[in-house]
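Number of protein chains: 2
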Amino acid sequence: MMQTSSESSFNETTYSRVRDKLREDILSGVFKPGVRLRIIDLSTRYGVSQMPIREALQQLQGEGLVNLLPQKGASVREVDEKFVSDMYDVRMAIETMLVRNGVPYMSDHDYMKLVEIEEQYEQAVEEGDVSLSLKLNESFHKIINGLAQNDEAMRVIDRHWGLIDSLRHKYGSSRVKDVVNDHRLLLHALKNRDAEAAAAITSDHVIKAKDDLIARIKTAGKG
Amino acid sequence: MMQTSSESSFNETTYSRVRDKLREDILSGVFKPGVRLRIIDLSTRYGVSQMPIREALQQLQGEGLVNLLPQKGASVREVDEKFVSDMYDVRMAIETMLVRNGVPYMSDHDYMKLVEIEEQYEQAVEEGDVSLSLKLNESFHKIINGLAQNDEAMRVIDRHWGLIDSLRHKYGSSRVKDVVNDHRLLLHALKNRDAEAAAAITSDHVIKAKDDLIARIKTAGKG
DNA sequence: TAGTGGTCTAGACCACGGT
DNA sequence: CCGTGGTCTAGACCACTAA
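If you're matching them up, the sequences are chains G and S in order.
So the first sequence is numbered by UniProt numbering: it starts at 1 and just counts up by one.
So the second sequence is numbered by UniProt numbering: it starts at 1 and just counts up by one.
If you are wondering where the hints come from, they were derived from the structure by calculation, not from laboratory data.
Keep in mind that the hints are not guaranteed to be accurate.
Put simply, identical chains are the same to the list, so a pair is met inside one copy or across any two.
Each computed DSS-like pair below joins lysine-lysine, with the alpha-carbon atoms no more than 30 Å apart [unchecked claim]:
no.: 1; residue 1: Lys191; residue 2: Lys218
no.: 2; residue 1: Lys82; residue 2: Lys191
no.: 3; residue 1: Lys222; residue 2: Lys72
no.: 4; residue 1: Lys113; residue 2: Lys82
no.: 5; residue 1: Lys32; residue 2: Lys191
no.: 6; residue 1: Lys113; residue 2: Lys72
no.: 7; residue 1: Lys113; residue 2: Lys208
no.: 8; residue 1: Lys191; residue 2: Lys72
no.: 9; residue 1: Lys72; residue 2: Lys208
no.: 10; residue 1: Lys82; residue 2: Lys142
no.: 11; residue 1: Lys210; residue 2: Lys142
no.: 12; residue 1: Lys32; residue 2: Lys82
no.: 13; residue 1: Lys135; residue 2: Lys72
no.: 14; residue 1: Lys113; residue 2: Lys222
no.: 15; residue 1: Lys72; residue 2: Lys21
no.: 16; residue 1: Lys218; residue 2: Lys177
no.: 17; residue 1: Lys222; residue 2: Lys82
no.: 18; residue 1: Lys72; residue 2: Lys177
Required output: the full structure, derived from the provided sequences and hints.
The structure is reproduced here in structure tokens:
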């Protein structure tokens with residue numbers, strides 16, 4: 001059997017393809033939190049031998065999506081309330097730092113871009129386009145986080161966020177109105193180049209998002 | 001050839017052994033930042049075949065110690081001034097959050113343990129035992145960071161810290177006196193269960209440590 | 001168009017857990 | 001003490017690079 005011959009995507013290895021597909025399968029709920037991931041099963045599922053599967057699992061462990069125990073096997077990361085809370089606290093800490101450090105580097109062009117995205121975001125909210133609004137919201141925060149040019153910090157919050165983000169899609173949000181308000185406050189602080197105010201608003205914003213998601217998970221669990 | 005037969009350490013796989021040895025070799029300077037890591041070389045060096053080496057490299061990439069490019073190979077992570085600065089900013093953000101969240105959970109026993117470690121620390125400093133003082137300093141901060149019980153946050157700051165820590169050993173510190181003072185201030189805030197004061201002191205403490213290390217790297221580079 | 005070196009497969013090895 | 005399934009080895013395969 002040839003290895004990567006058939007329809008070989010350019011500059012893409014087998015393990016990276018498996019990793020991306022497996023990540024997608026986990027985040028879309030094909031493999032739910034806690035389930036065992038048997039290498040042989042995955043091997044037949046993705047049509048490759050065992051080693052590329054293992055490499056993919058190693059990498060997904062690095063992303064926090066998978067638990068991997070020597071001689072024991074792999075399982076999808078459990079996400080409980082505490083995990084969600086801990087992750088949001090990490091995000092809060094880092095985003096607050098990033099906005100505080102980033103404000104001095106913000107150009108007028110950056111600011112105008114933010115205003116533009118916020119307008120599109122509010123329109124998407126108005127029209128009830130949940131998918132688009134989540135995407136625009138992500139762009140909004142990504143631009144702000146990027147101002148400080150701290151690649152390590154960006155990697156930390158990008159890396160372990162997949163599972164949380166899938167929960168946000170699943171449970172939605174009950175505070176879109178409030179989010180819009182937070183964004184406007186933040187834009188106002190940014191316009192004034194007020195780093196401390198922007199940091200305080202960001203901190204508050206993330207904590208409210210955390211409390212909202214956890215509340216929704218709780219009620220869903222009871223329902 | 002048997003695989004893990006000779007002197008098989010209990011419950012330890014080949015890749016984990018290679019990973020630990022390779023990490024040690026990187027942090028101790030056997031493989032310096034930027035150097036290429038050839039799988040075949042490592043394969044002969046550690047006396048195993050190529051796959052365990054690759055798995056070890058995948059994991060070390062997850063720890064940020066190694067860069068890994070598909071079809072290109074691996075290299076030891078470059079550490080420049082910006083990397084050090086970025087990592088310290090991440091640490092500052094997370095430790096500040098941890099101490100703020102942790103203070104309400106601190107028991108009297110925790111506090112007494114901290115006082116005890118600080119006494120040992122100051123004595124080690126007095127005696128000029130650098131290795132011991134670094135170790136005690138680590139214990140001190142680990143206890144404080146652990147109060148909030150945020151495993152994810154702990155993982156983030158533990159994970160990518162190896163390279164920075166090796167720099168601290170290499171370049172030392174010019175502010176041991178100042179560190180002792182910071183610790184005492186911090187203990188005082190903790191005694192009063194003043195989370196905000198403790199957070200402010202922590203933030204300041206980490207930033208000073210960053211500036212000190214970077215200054216030392218700079219002067220060493222010029223010297 | 002070699003040569004170098006990363007990647008994949010197949011099968012053997014063996015740790016662990018249930019019988 | 002056997003079955004299941006994770007792990008390792010050897011060698012083949014092939015992507016990239018330098019002439």
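Intra/inter-copy verdict for Lys72 and Lys21 if alpha-carbon distance must be at most 30 Å: Close inside one copy (23 Å) and across copies (22 Å); limit 30 Å.
30 Å Cα cut-off: does Lys82 pair with Lys191 within a copy, between copies, both or neither? Classified as between; 27 Å across copies, 36 Å inside a copy.
For the identical chains here, do Lys191 and Lys72 meet the 30 Å Cα criterion within one copy, between copies, both, or neither? neither (54 Å within a copy, 44 Å between copies)
If the cut is 30 Å between Cα atoms, do Lys113 and Lys222 qualify within a copy, between copies, both or neither? Neither way: Lys113 and Lys222 sit 42 Å apart in one copy and 41 Å across, limit 30 Å.
At most 30 Å between CA atoms: does that hold for Lys222 and Lys82 within a copy, between copies, both, or neither? within (17 Å within a copy, 48 Å between copies)
Go through the copies and call it for Lys191 and Lys218: within, between, both or neither, with a Cα cutoff of 30 Å. neither (38 Å within a copy, 35 Å between copies)
Between copies, within a copy, both or neither: which fits Lys82 and Lys142 at Cα up to 30 Å? Both: 25 Å inside a chain and 20 Å across chains, each within 30 Å.
Is it within a copy, between copies, both, or neither that the alpha carbon of Lys72 lies no farther than 30 Å from that of Lys208? neither (39 Å within a copy, 44 Å between copies)
Between the shortest in-copy and the shortest cross-copy C-alpha distance, which are at most 30 Å for Lys135 and Lys72: within, between, both, or neither? neither (38 Å within a copy, 33 Å between copies)
Same-copy or cross-copy closeness of Lys72 to Lys177 [CA-CA at most 30 Å]: neither (47 Å within a copy, 48 Å between copies)
With identical chains treated as interchangeable, where does the CA-CA distance between Lys222 and Lys72 reach 30 Å or less: within a copy, between copies, both, or neither? Neither. Shortest intra-copy (33 Å) and inter-copy (51 Å) distances fail the 30 Å Cα cut-off.
Intra- versus inter-subunit Cα pairing at 30 Å for Lys218 with Lys177: within (21 Å within a copy, 49 Å between copies)
Hint violations for this structure: numbers 1, 3, 5, 6, 8, 9, 13, 14, 18, all remaining hints satisfied.
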